[in-house]
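Trainee: Let chain C serve as the given structure and place chain F on it in line with the hints.
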Amino acid sequence: MSSSPMIEFRDVHKSFGDLEVIRGVSLTVHRGSVVVVCGPSGSGKSTLIRRVNRLETPSRGEVFVDGINSSLARGEELRLLRSGVGFVFQQFNLYPHLTARQNVTLALRKVLKQGKAEADEVAEEVLAQVGLADKAESLPGQLSGGQQQRVAIARALAAKPELLLFDEPTSALDPEMIGEVLAVIRDLAHRGITLVVVTHEMGFARTVADRILFLDRGIIEEDSPPETFFRGAASPRARQFLSRILSPLHTAES
Amino acid sequence: MSIPIDWAGVLTGEPARWLAEGLAVTLATTIVAGLGATLVAVSLTALRLSPSAPILWLSRGIVSVFRNTPLLVQLLVWYFVGFGVLPAGARAWLVADHPWAVLPGNVSLLAPEFLAAAWGLSLFVGVFLSEEIQAGLNAIPRGQREAAASQGLGSWDSIAAVLLPQALRNARQPVVGQYLNLMKLTSIACSVGLAEITYQARVIESYNSHAFEAGTILYLAVGFVMERLLLAGGRS
Chain C
1 MSSSPMIEFR DVHKSFGDLE VIRGVSLTVH RGSVVVVCGP SGSGKSTLIR RVNRLETPSR
61 GEVFVDGINS SLARGEELRL LRSGVGFVFQ QFNLYPHLTA RQNVTLALRK VLKQGKAEAD
121 EVAEEVLAQV GLADKAESLP GQLSGGQQQR VAIARALAAK PELLLFDEPT SALDPEMIGE
181 VLAVIRDLAH RGITLVVVTH EMGFARTVAD RILFLDRGII EEDSPPETFF RGAASPRARQ
241 FLSRILSPLH TAES
Chain F
1 MSIPIDWAGV LTGEPARWLA EGLAVTLATT IVAGLGATLV AVSLTALRLS PSAPILWLSR
61 GIVSVFRNTP LLVQLLVWYF VGFGVLPAGA RAWLVADHPW AVLPGNVSLL APEFLAAAWG
121 LSLFVGVFLS EEIQAGLNAI PRGQREAAAS QGLGSWDSIA AVLLPQALRN ARQPVVGQYL
181 NLMKLTSIAC SVGLAEITYQ ARVIESYNSH AFEAGTILYL AVGFVMERLL LAGGRS
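Protein chains in written order, with the working numbering: chain C, 1 to 254; chain F, 1 to 236.
So here's chain C without its partners, still in its complex pose:
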């Protein structure tokens, strides 16, 4: 199925009670592309990517991941779909009672049924990839925010996913730690993994993204390559958003 797009949204809606946060999104994300999703808070960015691996239950419309309809996947099929999609949370959500290594190996052992030696080897490899080979035995509480998020990225990479989703990966970090996390994500972009990143880091978006989506009130207002987006976004709301976020007082990637 390698010819199918990585993600395809078909007229996706999502409501929480009476509140409709996604109001008809159709979208195709190609393999190996790097897509940045931005927009004001409450615009539905997080909901949109959480819909991909069904952290949000479907309301209406379909989302296909590597050709599989994620709305219909159940049980084992859903677990395998999720295991093939790495997800990185704003709050890291590392398992606090497990070491960095165990955080990485848990799903390998439980979902992919790998043996301990095999899983430990993967852990070593992905922790080295995020620059934390020496922290394998540390508990999350002993790590800085930036290190925790890098362990979370290592955990998301462990199952060798073709698709990684980032939900505001640097928003909970102290400014001096944002750079180290963005550097890791930038590195992944060069390895050909498909990335969808919800972020306000416009410096990162400008240099790494192939494509920028601007979401507002549950609708994609703008979908363009970075040069077009930053030079002259068509939508007035996107221009307004940019002028606010690009003010010199806003901290961006160092």
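Keep in mind the hints are simulated off the structure, nothing from the lab. Be careful, since some hints might not be right.
[What the hints assert, rightly or not] Facing chain C, a subset of chain F residues (Cβ under 7 Å, in silico):
| id | residue |
| --- | --- |
| 1 | P87 |
| 2 | A88 |
| 3 | A92 |
| 4 | A139 |
| 5 | S150 |
| 6 | Q151 |
| 7 | L153 |
| 8 | V162 |
| 9 | Q166 |
| 10 | E227 |
[Said to hold, decoys possible] Per label pair, the in silico range of CB-to-CB distance:
| id | chain 1 | residue 1 | chain 2 | residue 2 | range |
| --- | --- | --- | --- | --- | --- |
| 11 | F | I55 | C | R231 | 56 to 66 Å |
| 12 | F | A101 | C | F16 | 58 to 68 Å |
| 13 | C | S144 | F | S155 | 30 to 40 Å |
| 14 | C | P5 | F | P174 | 47 to 57 Å |
A quick note: this is a predicted structure, and the numbers were derived from the prediction, not measured. Built from N, CA and C at the ideal position, the CB exists for glycine as well.
Mentor: Okay, now just chain F, sitting in the frame of chain C:
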């Protein structure tokens, strides 16, 4: 003026033997009911994690009944009513002699008094334990469940590997407290004739001297050792 404590009257001869037997019964009841309460707590926790509404109501009903009635009444019901509703064959078997079921210290594991006490305490304390675990689960941020789900862990794996270890860690002190309560609550089982420490202290009291002091010190000593053991075990 000092309270007259007649240690010699308690720590020698028959009274000393009675007290030792009482201690053995208290320990045996605590261990058996402790295991039983753990099983009850795990089962109730499993029921309460179920997505099915009738099962949830059932588990809430069980918790409500056992939490809102006095332990003394529950023990009396198990002893007098529970034993009575057993089939005649089972009753006859229970009251017959079973030397293999008698532990050192004259602790008869199949005596109706012991069974009623162990069973009643298992349920009573198990319900409170499950409430503590529930509180521990509720204190876990939603992101932990989401992280487990996002990695493809099934509901059993996420409970066993991600949620329960954290719940037990959150609830460690109250859980230890419930096990200590269990040990102390065995004293109430003297009301159904279980010959544990308090029961024996009363016997000695009517025989020759003050024995409650000795009983209290025994509870304190058992409680102290148990607390250390449980806290050390829970840390690992």
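Trainee: Which hints, by number, does the structure contradict?
Mentor: 1, 2, 3, 4, 10
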